[in-house]
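Chemist: Let the hints inform the model, and build the full structure from the sequences given.
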Amino acid sequence: MKPSWVRQLRALLLKDLRLELRTRDTVAAMILFAVAAMVIFQFGFGTRDTDLTRFAGGLLWVTLALTAVLGVGRTYVAEREQRVLDGLLAAPVPRLVLLGAKALAIVAYLLVVEVIAVPLVGVFFIKDGPWLGDLPLIFLVCLLADVGIGILGTLFASLALFTRARELLLPVLFLPALVPVVIAASGATHAVAGVPNDMAEYRGYCLFLGAYAVVFALVAYATYEAVFDD
Amino acid sequence: MAEGECLGILGPNGAGKSTLLRMLATLLRPDAGALSVGGHALPERAGRARGLIGYMGHDPLLYLDLTAWQNLELFADLYGVPRPRERIADMLREVGLLPRAHDAVRTLSRGMAQRLGLARLLLHRPSLLLLDEPHASLDAPGAALLDRVLAEARGAQTVVLVTHDLERVLPIAGRVLVLRAGRAVLSAGTAGVDPAAFRAEYEALVA
Amino acid sequence: MIERLRGRGLAISGALALVLTTLAVIGVFFVAPEDADQGIIQKIFYFHVAIAITSLIAFAVAFVAGLRYLWTRDERADEVGSIAIGLGLLFSVLVVLTGSIWAKASWGTWWVWGDARLVTYLIVILIYAAYFVLRSSADGDRRMRYSAIYAVAGFASVPLSFYSVRVAQSFVHPVVFTRNGAEMPGSMLIWFVVSQAAFLAIFTTFLLLEMRQRRADRALRRLKLRLEAAGSGV
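Protein chains in written order, with my numbering: chain B, 153 to 382; chain S, 546 to 752; chain P, 12 to 245.
If you are wondering where the hints come from, they were derived from the structure by calculation, not from laboratory data. Glycine included, C-beta positions come from ideal geometry on N, C-alpha and C. Incorrect hints may appear among the rest.
Claimed, not checked - Some chain S residues well away from chain B (every beta-carbon gap over 10 Å; in silico):
#	residue
1	Ala547
2	Leu552
3	Gly561
4	Ala579
5	Arg632
6	Ala646
7	Asp648
8	Asp684
9	Leu690
10	Arg693
11	Asp710
12	Leu711
13	Gly737
14	Asp739
15	Arg744
Claimed, not checked - Chain B is faced by these chain S residues, among others (derived, beta-carbon under 10 Å):
#	residue
16	Arg593
17	Ala594
18	Leu609
19	His669
Modeler: This is the structure in structure tokens:
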């Protein structure tokens, strides 16, 4: 009987989420890291009194990009430490499903971090103008960006998995490729973070984020077979 | 190999026994030559073949931070096992771990974890069993269980067993293959073979 | 072993490169009219853009080679890819250097963040330098597979990076090729084309040269091993 890929995807995603709930390492570290980064930015860019309102969008996404690198680096930690990868690879799971499940897990972790980080950025850095009403718009940006980050992150994490110095390699591979995401996501956030909202800009940037996700989904689709093909 | 046959693979360390097994398990791609499992050529039709194979390596292939039940649930879903809840309960009962079903694997002893690994191995009723030194690190109930599994497999499932233990494999396997430094140096049936004589021959071959 | 036919290809490419480069240098510096605003520094522009386009072509070659490797597992594809990216990286560094010189001459600073092309090439350098970090962290079959995958992903990053950088800032860099064609008078355009052809020829020459070099290295090593085996086996 051929197992349904939906069932497999669900099972793999559930596995990662359950593991994370049990150990709570990754998401907790990501949140702490994000908050610490914000503090550093405030003092890196000025003193306690400096107004960073117009940089809020950028700050958010620089923080999230770095946090994402941290989180993606932990993607395969359970499989590595416990040597379970063979079990997954020997099963009749299409490699695309394996990668897809990991990507979805990363999206999930990032969303959790964003639920905390986004309001925090508003509180810390946006001095004037209401921003609470814009939160749904910003979360849409988060979702779009997260998908692209998840896909690309999973691909690169899979490449780094069997290499020497993988903790160093992953940021080196990942960060340059994240530049477009940071630019577009911070642009979109900036367009709606203050008053007035520039919806044309917002739409443009969101479209770009969607294109980014599609491009790397295509790249992943073209190359996924070779990733685990020892 | 014929269906239902049992093949033992012997050889000194580094001879390539585990590598060969991993190739059969579709985890590695051979550089040359042809392999096929259940009529599916590897590595092209590996996906189809995987559902038929049960592989147990040196590691139990389990997530330490999930419970026994959750581990089996994962693999049941990956292999598309029908009526998973029943099957998982049955397997846990067979390996004697039903009372610990909802404990994290990390809390189980090594022997218990290996038994759980056996449950994982057999969960999807594979027609081909690939076992890499299964007797190592099994506790007494586990070893008895394994022997029962191997006995039941005779004729019904195909088994390839990698081991160091000559004496153990001779009664179980119908044929043995001896590897040395990546090459096969002997392939022989075990019917009527005298263990002592075989050991002498084996020692000579791998010296 | 060392193939005559390939050698001829190299010779042709080399000769072409030499001729075109000489032509380009003469043309750019002595024949093409001097730009009214920027003077002689503007000449660097001919090379700057030509090198930039050539490096993009190099990365495209690596992209195709990567796909080919993933499809056929042909080791030569891996080799072509790694050499092409090496050359592309070298050219990218030259793009940034020439661009920086031009920026200094035009605007007085060595670096302008508002220059979309320059910034993109900085990112490109990071992306493809990472390629070599990846290669040195893996061996054998994995190295080739991972390099191929990354060559594909990296090339996809380039247009995304360029577009996002461009959109993020207002232009400082004058756009030369508009939708209707180049915004240059014919007298300048011809030397630009010659310069471009010259760099393409240079790229091809170095690519073929390096491949030939590696092949010769391998043949030499094989010969050595054979000699050693013959010598010791007696």
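Chemist: So, for every hint listed, does it hold in this structure?
Modeler: For each hint, the structure was consulted:
The Cβ of Ala547 of chain S sits about 23 Å from the closest Cβ of chain B, beyond the 10 Å cut-off, so the non-interface label holds. No beta-carbon of chain B is positioned within 10 Å of the beta-carbon of Leu552 of chain S; the least distance is around 19 Å. With a cut of 10 Å on Cβ distances, Gly561 of chain S stays outside the contact zone with chain B, its closest approach being about 15 Å. Non-interface status of Ala579 of chain S relative to chain B is upheld: no Cβ of that chain comes within 10 Å, the nearest being about 17 Å off.
Its beta-carbon lying about 13 Å from the closest one in chain B, Arg632 of chain S satisfies the requirement of being farther than 10 Å from that chain. With a cut of 10 Å on Cβ distances, Ala646 of chain S stays outside the contact zone with chain B, its closest approach being about 15 Å. Every Cβ of chain B is farther than 10 Å from the Cβ of Asp648 of chain S; the closest lies at roughly 12 Å, confirming the non-interface assignment. Residue placement check: Asp684 of chain S keeps its beta carbon more than 10 Å from all beta carbons of chain B (closest about 20 Å).
Every Cβ of chain B is farther than 10 Å from the Cβ of Leu690 of chain S; the closest lies at roughly 19 Å, confirming the non-interface assignment. Under the 10 Å C-beta cut-off, the non-interface status given to Arg693 of chain S relative to chain B holds; the minimum distance is some 23 Å. For Asp710 of chain S, the requirement that its beta carbon stay farther than 10 Å from each beta carbon of chain B is met, with the minimum near 23 Å. Distance check for Leu711 of chain S against chain B: the nearest CB is about 26 Å away, which clears 10 Å, and the non-interface claim stands.
At roughly 35 Å, the least C-beta separation between Gly737 of chain S and chain B is larger than 10 Å, which holds for a residue marked as non-interface. For Asp739 of chain S, the non-interface assignment is confirmed: its Cβ lies about 37 Å from the closest Cβ of chain B, beyond the 10 Å cut-off. At the 10 Å boundary, the C-beta of Arg744 of chain S stays outside the reach of chain B, the nearest C-beta of that chain being 32 Å off. Checking Arg593 of chain S against chain B: minimum C-beta separation of about 7 Å stays under 10 Å; hint holds.
Taken as an interface hint, Ala594 of chain S checks out: its beta carbon lies about 8 Å from the nearest beta carbon of chain B, inside 10 Å. With 10 Å as the threshold, the beta carbon of Leu609 of chain S comes within range of chain B, its nearest partner Cβ sitting at about 5 Å, so the hint holds. The beta carbon of His669 of chain S is positioned within 10 Å of a beta carbon in chain B (closest approach about 9 Å), and the interface hint is therefore held.
The earlier numbered hints are all upheld by this structure, with none contradicted.
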